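Protein chains: 2
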Amino acid sequence: MHHAPSPARPPLAPAFLEAARERFGHQWHESGAMLAQHGRSEAHFGPAPPDAVLFARSTQDVVDLVQLCTAHDVPIVPFGAGTSIEGNALPIHGGVSVNMSDMNAILAVHAEDFDCTVQAGCRREELNLHLRDMGLFFPIDPGANATIGGMASTRASGTNAVRYGTMREAVLALTVVTPDGKVIRTGSRARKSAAGYDLTRLFVGADGTLGIITEVTLRLHPIPEQISAAVCGFATLQGAVDTVVQSIQSGVPLARVELLDVMQIRAVNRWSKLDLPETTTLFFEFHGSPAGVAEQVATVEALAAENGVGDFAWSTLAEERARLWKARHEAYWAAVNLRPNAVGWSTDVCVPISRLPACILATQADLATCSVPATIVGHVGDGNFHVIFSIDPTSPDELAEVAAVNARIVERALAMDGTCTGEHGIGLGKQDWLVAELGDAVDIMRMLKRTMDPKNLFNPGKIFAL
Amino acid sequence: MHHAPSPARPPLAPAFLEAARERFGHQWHESGAMLAQHGRSEAHFGPAPPDAVLFARSTQDVVDLVQLCTAHDVPIVPFGAGTSIEGNALPIHGGVSVNMSDMNAILAVHAEDFDCTVQAGCRREELNLHLRDMGLFFPIDPGANATIGGMASTRASGTNAVRYGTMREAVLALTVVTPDGKVIRTGSRARKSAAGYDLTRLFVGADGTLGIITEVTLRLHPIPEQISAAVCGFATLQGAVDTVVQSIQSGVPLARVELLDVMQIRAVNRWSKLDLPETTTLFFEFHGSPAGVAEQVATVEALAAENGVGDFAWSTLAEERARLWKARHEAYWAAVNLRPNAVGWSTDVCVPISRLPACILATQADLATCSVPATIVGHVGDGNFHVIFSIDPTSPDELAEVAAVNARIVERALAMDGTCTGEHGIGLGKQDWLVAELGDAVDIMRMLKRTMDPKNLFNPGKIFAL
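Chains as they are written, first to last, in numbering that gives the first Met the number 0: chain H, 0 to 465; chain A, 0 to 465.
These aren't lab readings, by the way, just hints derived from the structure by calculation.
Keep in mind that the hints are not guaranteed to be accurate.
Identical chains blur together in the list; that is why a pair holds if it fits in one copy or across any two.
[As the list claims (entries may be wrong)] The calculated SDA-like cross-link candidates involving lysine to any residue, where the alpha carbons are at most 20 Å apart (straight line), are:
no. : residue 1 : residue 2
1   : K181      : R449
2   : K181      : V434
3   : K181      : D439
4   : K454      : L67
5   : K325      : E400
6   : K181      : A435
7   : K325      : R131
Note that this is a predicted model, so its numbers are computed, not measured.
Excised from the complex, chain H in its bound form (with noise of 0.2 Å):
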């Protein structure tokens, strides 16, 4: 598979390793299991394993280790949940991966500020599992259960972007350990500030190559009064996709609106053991008021009605919804798992909405001719979706077949004036596509790069090649 990493790489220096060892003691790993472990991803990408594994407990720890690699030019990968599906978090030019998940602590949570600081290896569910008594939720929810620090680093976003945004407006501040090994703070608490460039948004999406974030100051929202869900099945695709984008100009603050179709339900259905009618389906939350939240649910109904929906199956129990909620997290590996031994390929297009049904029912031409199984499953309310190929990876035809269809998908995309990706980055898998949709911009993002890493040694390789 592409981006293979160079097999002629030079053994670290024993004097590096030597240092280390000593430095870190029990956190320090170069067993063949550890590294392994370390360079496999959930996509078609690698493996591509470090050279050793730092178990972080501490911003002094990672300072600590990026004046060694410095001194000794090793390369730095900051590793999180590994859940990344652009092959983010690979050493491909080997180094060591800091692995962040013993950096933990939920620091403080501010509840009447609505913002908490938590360590980067903090996972999302924990946080909310630590937040639920206090009314509080944090609302960003790739399907993984992924760290704090990596959903920084990659942008990610998930199913309530629609309403409450990405990791770009629900990150406030970070602490940044920088390639010259200093620690430093991004912003404040404070929800707004003008004070001078804007470093917070520029280290969230770096993918951790300008530097590795320890601890993040999160936005929080309280847990609405009423939460109602639905289901909903629809004769056609096209009806779905225009009920959403209805609902949407009509100012119906929807809190979450999933599009998942005829082939992702079948995977749900089996992957997760529930019985959805086999029909291209809507996952909506509606959150609010119990005034608000009937107004919400009045509107989109009427407009599924005018496109075709089938039923309106209502959840309103907890346990319920949850089951629904964890079954649409796993769409991705339900997706997979179509076939066994097959590893996944994800596509992360984003459109305005408008352009969004000409996107998806042209994509679905393109899926039905497309040898490898595949499905659409999508968080509609922002313009984006995933197509999850289902690939053998023992054929070269398939990765082939998968490759031309994703640049398919990819051109049309960006004829719409939309993005290569929504939220899963750019990593290793859509380097060509950056340059593709932002041009001499991206001029200017390796420009920063050799100035804030000019040895580029921090995630070497990822975003764009240098």
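Fit chain A to the supplied structure of chain H, relying on the hints for placement.
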């Protein structure tokens, strides 16, 4: 006054002037009156006139100017409406002011996608006039009728930020002429994107120091079904602020909530010919469906009653509302003109909402012992407020006294994990405070500036010293 321009600046080279006159013809100005007009500010800085002024008509004009200026080492300072109040557009090192006011076209409105693209010189009021018939509005509203490019460059916000965010959230993409004379586009019209470094957010708030914004793609919002406004006087400042904090903490989606202290009400009454009762006052605005607005109002009225509200004067008439908000938008000039021939100085701290009561009350105590007339006015739903001083510009004592009070206010806000500037930007006036707030992070900003503008020609001397 501080940051005066160097008096010993050499004149522009004849070869440069000749080439500029030839290329730009009637768009090029060197008259004393024109230079003076571009060398003044709305605050206590300056004057600092440029050596020449270009009225740009196209992105290509800006590209040609950048190439000419770079070849001759001449500074370039973008100029929008000249309404910023931290000296942001003052050409303190001379050079060319690029007046963007002829680049005021609305290039496209995509009503179905809630976005538009405008030239940087388009002003916010003209944009909203254009959008009104489409049922759309652009919410960001600093007091002045500023240009969209200037608002992007200072990361402006205003009265709607508590509900709709600031320019950080409002800008989807930018067209920028970079210091090397290239034209880049920083994003697409997609609602969200994870495509590489967030260059959009890097240029938003950069005060023109990294390049010149020529076009802006903005998020728009539907005009709410129902808008209600209320003006209510409180017995105490504490009662007013507590009402705001409790409303925010109750999750009420306030569209606007502005605080004006007694002095500010007096100033507004005089300047805008109103007859509001002279007491601490909140201006509220509620957006939503009729039922939603009714719910919000009921919650806020109950909280206000517990906090010593006097009366709740409703203005449901659009004309009456417009008159009130016009007065609010003119608050700065109303305050400065409490005395004849005065100049303004506005503080701009923003703190976590739970700290706002303590922060404002301590500020009120500071002002009680200050000899310079001052008002308190603020976007209190964001935790952001201004003290506007009306200073005798001939009195060094008054300037020193205000500087000392300002220092106390900023130090207090930073100790509360707030920011020295919620929305005015760093410009000239907050440079020391930026370092106090963000420490070593400012070194990263300087590094980015040196890389992107190696000759230090783009609005030199702003945000930080190099």
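Okay, the hints, checked on the actual structure:
{"no.": "1", "hint": "K181 to R449", "in the structure": "both (17 Å within a copy, 19 Å between copies)"}
{"no.": "2", "hint": "K181 to V434", "in the structure": "between (31 Å within a copy, 15 Å between copies)"}
{"no.": "3", "hint": "K181 to D439", "in the structure": "between (30 Å within a copy, 8 Å between copies)"}
{"no.": "4", "hint": "K454 to L67", "in the structure": "within (13 Å within a copy, 34 Å between copies)"}
{"no.": "5", "hint": "K325 to E400", "in the structure": "neither (31 Å within a copy, 60 Å between copies)"}
{"no.": "6", "hint": "K181 to A435", "in the structure": "between (35 Å within a copy, 17 Å between copies)"}
{"no.": "7", "hint": "K325 to R131", "in the structure": "within (17 Å within a copy, 42 Å between copies)"}
Consistency note: the structure conflicts with earlier hint 5 alone.
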